[in-house]
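Peer 1: Sequences are here, hints too, so could you generate the full structure?
Number of protein chains: 2
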Amino acid sequence: MRESEFLQALHFNSIRCGDGSVANMSVPVVLAVDDEKRGEIGGCERVVLVDGEDRPVAILNGIEIYKHNKEERIARTWGTTARGLPYVEEAITNAGDWLIGGDLEVIEPIKYNDGLDQYRLSPAELREEFSRRNADAVFAFQLRNPVHNGHALLMNDTRRRLLEMGYKNPILLLHPLGGYTKADDVPLEWRMKQHEKVLEEGVLNPETTVVAIFPSPMHYAGPTEVQWHAKARINAGANFYIVGRDPAGMSHPTEKRDLYDADHGKKVLSMAPGLEKLNILPFRVAAYDKTQGKMDFFDPSRPQDFLFISGTKMRTLAKNRENPPDGFMCPGGWKVLVEYYDSVAAASGESKKVLETIQA
Amino acid sequence: MRESEFLQALHFNSIRCGDGSVANMSVPVVLAVDDEKRGEIGGCERVVLVDGEDRPVAILNGIEIYKHNKEERIARTWGTTARGLPYVEEAITNAGDWLIGGDLEVIEPIKYNDGLDQYRLSPAELREEFSRRNADAVFAFQLRNPVHNGHALLMNDTRRRLLEMGYKNPILLLHPLGGYTKADDVPLEWRMKQHEKVLEEGVLNPETTVVAIFPSPMHYAGPTEVQWHAKARINAGANFYIVGRDPAGMSHPTEKRDLYDADHGKKVLSMAPGLEKLNILPFRVAAYDKTQGKMDFFDPSRPQDFLFISGTKMRTLAKNRENPPDGFMCPGGWKVLVEYYDSVAAASGESKKVLETIQA
Chain A
1 MRESEFLQAL HFNSIRCGDG SVANMSVPVV LAVDDEKRGE IGGCERVVLV
51 DGEDRPVAIL NGIEIYKHNK EERIARTWGT TARGLPYVEE AITNAGDWLI
101 GGDLEVIEPI KYNDGLDQYR LSPAELREEF SRRNADAVFA FQLRNPVHNG
151 HALLMNDTRR RLLEMGYKNP ILLLHPLGGY TKADDVPLEW RMKQHEKVLE
201 EGVLNPETTV VAIFPSPMHY AGPTEVQWHA KARINAGANF YIVGRDPAGM
251 SHPTEKRDLY DADHGKKVLS MAPGLEKLNI LPFRVAAYDK TQGKMDFFDP
301 SRPQDFLFIS GTKMRTLAKN RENPPDGFMC PGGWKVLVEY YDSVAAASGE
351 SKKVLETIQA
Chain B
1 MRESEFLQAL HFNSIRCGDG SVANMSVPVV LAVDDEKRGE IGGCERVVLV
51 DGEDRPVAIL NGIEIYKHNK EERIARTWGT TARGLPYVEE AITNAGDWLI
101 GGDLEVIEPI KYNDGLDQYR LSPAELREEF SRRNADAVFA FQLRNPVHNG
151 HALLMNDTRR RLLEMGYKNP ILLLHPLGGY TKADDVPLEW RMKQHEKVLE
201 EGVLNPETTV VAIFPSPMHY AGPTEVQWHA KARINAGANF YIVGRDPAGM
251 SHPTEKRDLY DADHGKKVLS MAPGLEKLNI LPFRVAAYDK TQGKMDFFDP
301 SRPQDFLFIS GTKMRTLAKN RENPPDGFMC PGGWKVLVEY YDSVAAASGE
351 SKKVLETIQA
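As they're listed, the protein sequences go chains A and B. So for the first sequence, this note's numbering puts the first residue at 1; every next one is plus one. So for the second sequence, this note's numbering puts the first residue at 1; every next one is plus one.
To be clear, the hints were calculated from the coordinates, so they are not data collected in a lab. This one's a predicted model, so the numbers in the text were calculated from it and none came from an experiment. Certain hints may be false.
If several chains are the same, the list does not tell them apart, and a pair holds so long as it fits within one copy or across any two.
Stated by the list, open to error - Each computed PhoX-like pair below joins lysine-lysine, with the alpha-carbon atoms no more than 20 Å apart:
| id | residue 1 | residue 2 |
| --- | --- | --- |
| 1 | K193 | K182 |
| 2 | K256 | K67 |
| 3 | K67 | K267 |
| 4 | K70 | K267 |
| 5 | K266 | K67 |
Peer 2: What follows is the structure, encoded as structure tokens:
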């Protein structure tokens, strides 16, 4: 981003385009450089962007370098400057004090070479896939966690509602986030294995589901980030977006409360500039119904029958090799999670052993 | 403001109106209530707003009460949560944890009864005044400081430029801010006396100048606040807005730097949603030209000839009863400032004497 785009993203969550129309853009997409790099660039008009192995991946033309005011960027994006925001610590705090922007020319599609590139479809490739499947409606589901049967219920119920609305072939875009996530989230590779099982075991129908990776990092920026999550899926061909309680939210890093009001994400999204045509599908809360032995929509008239299984609870069960109640997640999917936590435990045992050997 | 307006102001600096158009609105205009007051209001549908003497001034209909998330409000408005932001300490930190919004019905025009109400013209009254004067262009100058000859040069030069552009009768709206300002700013009553002298002594032409009070408090919120300053003047009939270096800016309250980039105010204002039709007149920097003995536009080819006299420097001179260089401010205007600082010194001497008497 150039400075004018950066400022518009921070102040207005949207950018005015050349034709006068407004595009939603709530999180800055910027590249930081430090004093040394800035000195090296000097008066150059363009720079080559390279990957971790110094291979050229893109050219930035007609560059401009401007101040990276980190405090202001953080405050206006997260609504707090408290220490401990995961993405801030990962990508901002130690980044350079300058930002470099320009006109981006990507040399060829970016490859990660991690065995998952076939899932990294560009917006154009996704639109093509929906058209190939003759979709007359596309509904997107953003996630960064394993899919349990509550999620599946919601997605299947959404399809049912769209059919009722008269659509003939609604297609689900199951679009797990593929960039940075915080340390206690399950890594992408394991989540993809888990999602594969969910489709293999028929919890979601492979014929009406497209699984692809959304390569963005997770900002945990609540109402600001949910706009980015929705906007990116609209670009990729979705016209319905499923939004839940406290999207992209987390606990306040230093206070005993949630960082964002649980309803603000949905409210802000519904009013966001550039997203006027978005159809928002509100998320009904699903929980484990003990009387039925399966995940179902929570019925407030009989709260005692329902069990809420949080992400933390789910992770703790899988770590301890305990089983969740039957019907919480498909068995193959659950097995993947248990394997992941076993591999973490084995690796940590390994490193413990190595450490003991060194110390001995 | 209702919650939907509050959220839009915080996230988008603008509000979508019923007809689909977008109105700029960068600072929340909200009313805080505490737990006790919230309890008293209970399930009422409307409340009466009263002044300091419990006299009804307005009715708030169809009320809603929502959370006052102070940290998020401060971060998104100021781009920092550092302690020491003047308006935050004045009006937010100790305010209630709830906000009350609704449809406002003002009973009759608000009076302050401080001898200055004749200057508090409503936007409609200002538009009427411009029309009475047959203005074909109105240019607004926002200020919270005494007018020195550098300001006057700028305003007179703006008028000259507008005449050159073909306008026949450009009228200046000299619109000092009348609400809360920080402790070291000169109080409104003294500023108004100073402004009167500036017109009396012909530094500004009374025939082409309308002096009125802008009753807003000062937020010192830089690029966010400058939008509010401009939008309010457009509402009052202005079509040109003079904007300077670092408008509504201040020093960072805890770090040794300015809080905002000096150019961001102008840049953000030029891109702000709802202000597309605003004509921004960039401020040329004026300084004291020692070779001419008067304020003039700074000439970067001979910097040694110019003297910059900051607000702090001006206040220090007036406090110490020293004179600024001839031509810095009209004599009558300067006398008002000296009188103000004398009155402060006398009052502080008075209270010192009272204290000594008590102690003795």
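Peer 1: Could you run down the list of hints and mark each one as holding or not?
Peer 2: Against the structure, the hints:
1. With identical chains, the CA atoms of K193 and K182 are at most 20 Å apart within one copy only, with a shortest distance of 19 Å there and 59 Å across copies.
2. In this assembly of identical chains, the alpha carbons of K256 and K67 lie at most 20 Å apart only when taken from different copies (16 Å versus 34 Å within one copy).
3. In the homo-oligomer, the alpha carbons of K67 and K267 lie at most 20 Å apart only across protomers (14 Å), although the nearest pairing inside one protomer, at 32 Å, exceeds that limit.
4. In this assembly of identical chains, K70 and K267 lie within 20 Å of each other by CA distance solely across copies; the values are 18 Å between and 27 Å within a copy.
5. For the homomeric pair K266 and K67, the shortest alpha-carbon distance between copies (16 Å) is at most 20 Å, but the shortest distance inside one copy (33 Å) is not.
The structure is consistent with each of the numbered hints, conforming to all of them.
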